[in-house]
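A.B. asks: Note that the protein sequences, when read in sequence, are chains A and B.
For the first sequence, counting from 1, position 199 maps to 199 in our numbering; every step adds exactly one.
To get our numbering, take the position in the second sequence, counting from 1, and add 1000.
Since the hints were made in silico from the structure, they are not lab data.
The beta carbon of each residue, even a glycine, is placed where N, CA and C say it ideally should be.
Watch out, some of these pointers could steer you wrong.
Claimed, not checked - Which bits of chain A does chain B cover? Going by a derived footprint, with three or more residues having C-beta under 8 Å, they are: (1) 37-44; (2) 184-197; (3) 205-217; (4) 374-382.
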Amino acid sequence: MGQTLTEKILAQHAGRERVAPGDNIWVDVDILMTHDVCGPPTIDIFKREFGENAKVWDQNKLVILPDHYIFTEDPHARRNIELLRAFAAQHDLQHYYDVGTSRYKGVCHVALAEEGFNRPGNVLFGTDSHTCTSGAFGLFSTGVGNTDAALIMGTGKIWVKVPETMRFVFEGELPPYLMAKDLILAVIGEIGTDGGTYRTLEFDGGAVYDLSMQERMTLTNMAIEAGGKNGIIAPDQVTFDFVRARTDAPFQAVYGDADARFHSEYVFDVSQMVPVVAKPHSPDNKAPVTEVVGTRLDKCYIGSCTGGKLEDFEAAARILKGLEVKVATYVVPASTEVQRRMKEVTIDGQTLWDIFESAGCMMGHASCGACLGGPIDTFGRAVGTEVVISTTNRNYPGRMGSKMSAVYLASPLTVAASALNGVITDPREVLV
Amino acid sequence: MIRGKAYVVGDAIDTDQIIPAAHLVYSLTIPEERKMYGRYALSGVPADQQGLPKGGQPFTAEDSFESEYKVIIGGSNFGCGSSREHAPFAIAEAGCEAVVAESYARIFYRNSVDGGFVVPFETRVPLTERIRTGDEVEIDTVRSTLHNHTTGEDFLLNPLGDVADILKAGNVFEYARQKGLIST
Ligand code: SF4
């Protein structure tokens, strides 16, 4: 009996020939990532357990990316950044990306990819549930809490229960009005927010390998919204080209065995799929856009690790070019690199940034922004009973700032089309 | 043995409902600030769902930092959403010792165990409609049973399995020390 991609990576990192779902193993960690919300409490626990002056297990494997509460006057949030800064200095960390410097990156999951920390075959942990995003590069990645992260910080090891793998195969040609967001919302709608709990979501099939790395990251990003432990896509030339453009670090690609056993398998023909939304208040509350067309909106939001990458803005800009939005629309690049590229990449001679500004959008700085609500002065935060359509990944009550607000999740194409009309709109109506 | 009043909530109580993101800025170690986690535990649950079946009963009273409830009874997928360890921490900080739910999101479950915050029990039958907020309940942690003193009913919980060793050790660090993975 063969092993799946995830099982093979875990076995290698546990120093074993093979592992089976359900095994409890200790693995060696290649990269640990933390950010400004969970970094400081992780450091506190690390010091409590290993000593005030203890050294981290490997300076080169710890990546710290402040991104959540960045552009706020909240004094507690600002203190968190100072704590990270002091820790990075004390440990001489090469991979600390400080706010207010040219090194600042933005949302951690996008920055991990951009800086070449996502390498096929690796094991990567992060103190953020969307750490599963990195799995788009053919590696095992998952989110953990502060205690687990502190244990890794001190030892480079952590226990893992080997997950069963669910396989999602996408075949066919993706129509121009669909994006990876539609595919993953369809999956979550089908299996539910706990349909993948404790398991791996592996994405496969021709339509997946036709996607760019950015779009693949949208798929793996939301594995956690189905409860998954990790999302993963086997690497191919597209992966290698992306990684090699960003790092010289060695890596060894791993592939699942042809006779691997899966928990279950789902097959989708993407040419038959339609634009979808997740209605309030759960990511699995799926409906075709046609069902909610005409819903009045107070706010549109394009941003986050799942919906604020360069290609997300390219898609939205295609719809907004030369036109004006009818409702408050917030544009928040995930990273400083995305922000810079938005000012370089053009459609018919006009930069993406310019297209959004001319359309009347409000432009934010690279960060998590209002994706998780955040301090009261956060850019784009939902207030009161606002109805919002957003490219982010969660719409639980209060997620974007107000318990009374109603958030619809959708692709950048659908959000842009809706911004144009001030009501939820099917992108097929406006795409030419 | 864990004994005290039960607090009942519904399905898919996510981490933003357990501790809204705006409160994550408080220090987990400075006493004056850490008690804010007890103050705001479960404050993100919509008012009509707070303390079922009636609703409108906050987990922690308006001017208090500790909850009068010792055991949370939840439905499926308790703790879904973000990886924030502040979630089980907040519940523990409020003085609550155990959660009994039909199922858990894995990161919440893991954080509860590895940090030694609350004991996450799984139920065999849905209990959210069999127990009412304010009922006096008692959990036998060794036998994995729950007795409702208010109604006299008994329920079986799932055995804790592999994680019992970590819970017994106190947290994952003590467990790792016992296994020889940490030398200090
Ligand atoms: S953008 Fe949103 S989902 Fe992504 S890391 Fe930030 S808060 Fe989390």
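A.B. asks: State the violated hints by number, sorted upward, taking the hints as numbered earlier in the document.
C.D. replies: 3
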